[in-house]
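2 protein chains.
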Amino acid sequence: MKNISKYPEKNTWETLLERPVLEKKDLRNTVAEIFLKVKNEGDLALKEFSAKFDQVTIENFLVSEKEIESAITEVSEELKTAIKQAKENIYKFHLAQKAESEEIETAKGVFCWRESRAIENVGLYIPGGTAPLFSTVLMLAVPAQIAGCKELILCTPPQKDGSINPAILFTAQLCGITKIFKIGGAQAIAALTSGTESIPKVDKIFGPGNQYVTQAKQLAMEYNVAIDLPAGPSEVLVIADETADPQFCAADLLSQAEHGTDSQVIFISTDEGIFNETLKEIEKQVAELPRNEIAKSALENSRFILMNSVEEALEMSNYYAPEHLILSVENPRTYISKINNAGSVFLGNYTPESAGDYASGTNHTLPTNGFARNYSGVSLDSFVKKITIQEISKTGIQNIGKTIEVMAEAEGLTAHKNAVSLRLKSLENGI
Amino acid sequence: MKNISKYPEKNTWETLLERPVLEKKDLRNTVAEIFLKVKNEGDLALKEFSAKFDQVTIENFLVSEKEIESAITEVSEELKTAIKQAKENIYKFHLAQKAESEEIETAKGVFCWRESRAIENVGLYIPGGTAPLFSTVLMLAVPAQIAGCKELILCTPPQKDGSINPAILFTAQLCGITKIFKIGGAQAIAALTSGTESIPKVDKIFGPGNQYVTQAKQLAMEYNVAIDLPAGPSEVLVIADETADPQFCAADLLSQAEHGTDSQVIFISTDEGIFNETLKEIEKQVAELPRNEIAKSALENSRFILMNSVEEALEMSNYYAPEHLILSVENPRTYISKINNAGSVFLGNYTPESAGDYASGTNHTLPTNGFARNYSGVSLDSFVKKITIQEISKTGIQNIGKTIEVMAEAEGLTAHKNAVSLRLKSLENGI
Chain A
206 MKNISKYPEK
216 NTWETLLERP
226 VLEKKDLRNT
236 VAEIFLKVKN
246 EGDLALKEFS
256 AKFDQVTIEN
266 FLVSEKEIES
276 AITEVSEELK
286 TAIKQAKENI
296 YKFHLAQKAE
306 SEEIETAKGV
316 FCWRESRAIE
326 NVGLYIPGGT
336 APLFSTVLML
346 AVPAQIAGCK
356 ELILCTPPQK
366 DGSINPAILF
376 TAQLCGITKI
386 FKIGGAQAIA
396 ALTSGTESIP
406 KVDKIFGPGN
416 QYVTQAKQLA
426 MEYNVAIDLP
436 AGPSEVLVIA
446 DETADPQFCA
456 ADLLSQAEHG
466 TDSQVIFIST
476 DEGIFNETLK
486 EIEKQVAELP
496 RNEIAKSALE
506 NSRFILMNSV
516 EEALEMSNYY
526 APEHLILSVE
536 NPRTYISKIN
546 NAGSVFLGNY
556 TPESAGDYAS
566 GTNHTLPTNG
576 FARNYSGVSL
586 DSFVKKITIQ
596 EISKTGIQNI
606 GKTIEVMAEA
616 EGLTAHKNAV
626 SLRLKSLENG
636 I
Chain B
206 MKNISKYPEK
216 NTWETLLERP
226 VLEKKDLRNT
236 VAEIFLKVKN
246 EGDLALKEFS
256 AKFDQVTIEN
266 FLVSEKEIES
276 AITEVSEELK
286 TAIKQAKENI
296 YKFHLAQKAE
306 SEEIETAKGV
316 FCWRESRAIE
326 NVGLYIPGGT
336 APLFSTVLML
346 AVPAQIAGCK
356 ELILCTPPQK
366 DGSINPAILF
376 TAQLCGITKI
386 FKIGGAQAIA
396 ALTSGTESIP
406 KVDKIFGPGN
416 QYVTQAKQLA
426 MEYNVAIDLP
436 AGPSEVLVIA
446 DETADPQFCA
456 ADLLSQAEHG
466 TDSQVIFIST
476 DEGIFNETLK
486 EIEKQVAELP
496 RNEIAKSALE
506 NSRFILMNSV
516 EEALEMSNYY
526 APEHLILSVE
536 NPRTYISKIN
546 NAGSVFLGNY
556 TPESAGDYAS
566 GTNHTLPTNG
576 FARNYSGVSL
586 DSFVKKITIQ
596 EISKTGIQNI
606 GKTIEVMAEA
616 EGLTAHKNAV
626 SLRLKSLENG
636 I
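So the sequences go chain by chain: A and B. For the first sequence, the working numbering gives the first residue as 206, with consecutive numbering after it. For the second sequence, the working numbering gives the first residue as 206, with consecutive numbering after it.
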């Protein structure tokens, strides 16, 4: 296997950890045209785009009650039970993120606090393609439901026969999705941005997608719609010491590699034996995978690195800022304080990334592409906004009034000063 | 005064509350060229742009210790005391936003929690122009300092003589700014995005600015730098019942109107007497303002509306989603649960907006332009990211393993399933 580095010097890290540069086609104009057409022509434009891009004729974008009911019967009991258990764990973890509003008396008579309010209308995009990502429905709809969003709109491209994968429909109805629409691609994002006869306009759009969807979400922001996170290919960084299990490490690395040819996998070990064993295990396991072509191609972008210590490995990890970080090391909790940049962290030998992808309760919508330096993953916070509230008593304004007057004057904002002076004067007169 | 509506029907609200459409010049190409030049030529490009746009020759962008020391002596003791009191209140309010990490056992043996980490390098942009916005330095640097950001870089355009306003320098050093640079405009944002010989690259950029700066911040996001908030003109909505004070209402409305000609002011009253008095007070007070040309022009964009009840007024406010909402009504706290969309709320007759602008402790960097529907204002959260962490015991993976296997299989991701199966198998064998 290529891409092996042994004890790389720090000045080589930048080159060593370069992410595969995406061939970023300039889709801005293409997508801007789609937006304009959807804004002007509504459903008619959506029908045209569905025929053109998805080769499917859609009369009614809204999935009917009947379609949902029949989908529910098609999902196996085993899968239903699994989805329900995952939902329960995700619910518990996100419910605990509800923050109480604490009132602070910042100065005598000056009371300030914050209150959370749900973003009223949210749009969830679930891509089509080979894998029906019902797990992403859970990850987005569960916190939206806890937040109390009023409208939860789901858009997903139909299959060639005009139907939606039953597991997606089952999960959507389980999580209180208000309406499900059969529409995909940039045109779905355009519809959620402007609204059409069928599809309501939303305040924020969530969910993964291809390059067109990504560009469309960027454009949506220019139309004043918020989005969850900037997009990029998925990635994992595994740190393994002598207590790691090469079989497990290989499986974790491959579960990232099978996502897509642009996935990136970084393996750092402090133990040469574990390092070599893991490389062998990868060769062995990859051969068995149905998606082995994808996984093999992703391994081309990957890095296998020997380092001197877990501390040094963590320094490299912070530099890279991985979406997922697995610490297959002894006493992993002792290293937590050293982690600065990572989306989600998995501790020890029995915490595979796939647990977080599906069922442990944490969210799998995470910052990729180095965004773990400056973004959090999706959480309950992503579905609310916080409003600051303040109430100042007569004593309060007498306490801080002078400060405001002096500062407003120094900034040349006389009316700002007046708003305080008039109040102070009225209180003096009242005494 | 124009722009008066009495008891408007709901179907007229959309037109009535239309925000003044900004003449949005397409600055994308202009700014993209600035970015490219700064990326390629570094400080040299910055010097060229400073000469061209700010008519100033800068040899050394970094403000020296000596310049800071001498600025400190230039700020009056009165202003220093005011800035320090404001800082203390802002510090208290933002410190209380520190959230404890609570570990949740989502299923037996499955432990999940979140930890906050500071965004390491942040850039604060403070515009130049007529008013030296040292209050914005407080609003951005204080939470950054509490968060524990490592590098706090401040960029602000120099005055024609190459100096920076002393109040800005005093406030910056008071709040632990690491480095202050004399550079403004889109080129400052470009420098913070790519880094130059003098100016370090940052992870997130905060602060207000003109159309060029706004466009530059949008472009920064395409270079993977995060930003605080999308920009728009400032606005206030005041709701006044019969207990309001027309003098105070007028002063509050004007303190918004003096910000800029594109500021928007909306006044809603449920009492015709208060309504008429407030209109008269505005005429009276505006004449006295040094910035009365700006305020008068802003009043052109404004709305004065009579309505039947505070509840109805709040419904309109939620529809409009104002940056600032003032409730000059009896028992204002009883209405809080009805507020869904607002940036910051001011309760009662002694809580002017200017208190929140300067010194009560809340942040004044807030969502404008209707963004209060989908964004929070700046808070401690804006300077951290939250990392999810999970640790699963052997019992834990045995508990949720089957769920993960079933879901991964249904999504066609075999390697994800394997990562669990191998662990379950090893535990079976171990028993």
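Think of the hints as simulated: they come from the structure by calculation, not from any bench. Heads up, a few of these hints could be off.
As the list claims (entries may be wrong) - Straight-line Cα separation of at most 27 Å, DSSO-like style, residue types lysine-lysine; simulated pairs:
| # | chain 1 | residue 1 | chain 2 | residue 2 |
| --- | --- | --- | --- | --- |
| 1 | A | Lys313 | B | Lys297 |
| 2 | A | Lys384 | A | Lys211 |
| 3 | A | Lys355 | A | Lys257 |
| 4 | B | Lys292 | B | Lys271 |
| 5 | B | Lys297 | A | Lys244 |
| 6 | A | Lys599 | B | Lys489 |
| 7 | B | Lys355 | B | Lys501 |
| 8 | B | Lys215 | A | Lys543 |
> Can you give the numbers of the hints that this structure goes against, from lowest to highest?
Replying inline: 2, 3, 5, 7 and 8
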